[in-house]
Amino acid sequence: MAEVPEVEIITRDLRQAVLGRRIADVEVFAPAAVRFPSPEDFVKALRGRRIVDARRRAKFILLGLDEGQTLALHFMLWGELSLRPGGAERPSETLVVLTLEDGEALHLTDTLGYARVAVGPTAELSARLKLEELGPEVLDTAFTPELLARRLGRRRSPLKTVLLNQRIIAGLGNRDADESLWRAGLDPRRLVTSLSRDEVSRLYQSMRTVLEEGLALRGTQRDLFGVKGQAKHRRNVFERTGAPCPSCATPITHERVGGRNTHWCPHCQPEEGTATGPTQGVLW
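By the count of the numbering used here, the sequence shown reaches residue 287 at its end, each step adding exactly one.
Note that these hints are calculated values from the structure, not bench results.
Treat the hints with care, since some could be wrong.
Simulated restraints on C-beta separations [stated by the list, open to error]:
| hint | residue 1 | residue 2 | range |
| --- | --- | --- | --- |
| 1 | Ala152 | Ala219 | 37 to 43 Å |
| 2 | Pro254 | Asn168 | 28 to 34 Å |
| 3 | Pro273 | Met79 | 30 to 36 Å |
| 4 | Pro247 | Arg159 | 30 to 36 Å |
| 5 | Glu104 | Phe32 | 40 to 46 Å |
| 6 | Gly229 | Thr256 | 35 to 41 Å |
| 7 | Arg50 | Gly90 | 18 to 24 Å |
| 8 | Thr256 | Asp69 | 47 to 53 Å |
| 9 | Gly23 | Gly261 | 40 to 46 Å |
| 10 | Pro88 | Thr125 | 42 to 48 Å |
| 11 | Ser95 | Thr147 | 43 to 49 Å |
All values derive from a computational prediction rather than experimental measurement.
From the three backbone atoms N, C-alpha and C, an ideal C-beta is built for every residue, glycine too.
Working from the sequences, and respecting the hints, build out all of it.
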């Protein structure tokens, strides 16, 4: 599942592998994957452009191009990006291929077909994708417990719903929200207004730890070079309904909160909020 650790790993790989290289050709195999402009204009806009920057904003990969253009990629749930040798076999789930000047190619693939791309002048693309409306990044050095408290404010909504609101906090996905709340010992159904200062601090540290450990394990998917990350098989609560909690052995429970599948441990994350989080067990 492509969440912040997976997207950040690919972004770092792109900085290592493609900066300064020119896009020689573009092939669109799934027109619906191009959010804007038209597939034909998308190809024209990218041909001949040099890649000068690679950064992440929430779950968007933003490739800065010469002449003030930016290419945005969003993996949605299961999209992947790989750098393949020239002439390599093209997987059937390929959506878009960007061939670089030396023959290597970036393949955007997605078995579900949901991944999306867009290109345009940087400011225009940012406005159309509403990037400026996104909240602060959890991994940013400027993100602090005090900033988290201000972003949460006095919202009378369940914790899980607020954590997934990209305008409040950017890029935290369903999996990492569940894992962060488990680590902080907080019931995902609790109202934000019920949190104490100590609980906000615990949540802040848990969010940072979950994402940093995900990065250390290089996520759950394959990186740009085809190497599989090591994080997937070590989740604690996400998608483990009925399995024993790694901290207390209580069966993990499941419910839809704010329309999203949510998993937690009723013992380590009591509804009244008296626990201090898991005392043992390994993240992921």
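Results of checking the hints against the structure:
1. Ala152 with Ala219: 37 to 43 Å: 27 Å, violated
2. Pro254 with Asn168: 28 to 34 Å: Holds: the Cβ-Cβ distance is about 29 Å, inside 28 to 34 Å.
3. Pro273 with Met79: 30 to 36 Å: Between proline 273 and methionine 79, where Cβ atoms are some 34 Å apart, the hint holds.
4. Pro247 with Arg159: 30 to 36 Å: Once the Cβ atoms are compared, 33 Å apart, the range 30 to 36 Å for arginine 159 and proline 247 holds.
5. Glu104 with Phe32: 40 to 46 Å: About 21 Å separates the Cβ atoms of glutamate 104 and phenylalanine 32, which means 40 to 46 Å is violated.
6. Gly229 with Thr256: 35 to 41 Å: Holds: the Cβ-Cβ distance is about 37 Å, inside 35 to 41 Å.
7. Arg50 with Gly90: 18 to 24 Å: Roughly 20 Å apart at Cβ, these two residues keep to the hinted range, so it holds.
8. Thr256 with Asp69: 47 to 53 Å: 52 Å, holds
9. Gly23 with Gly261: 40 to 46 Å: 43 Å, holds
10. Pro88 with Thr125: 42 to 48 Å: 31 Å, violated
11. Ser95 with Thr147: 43 to 49 Å: Holds, since serine 95 and threonine 147 (Cβ atoms, about 46 Å apart) stay within the stated range.
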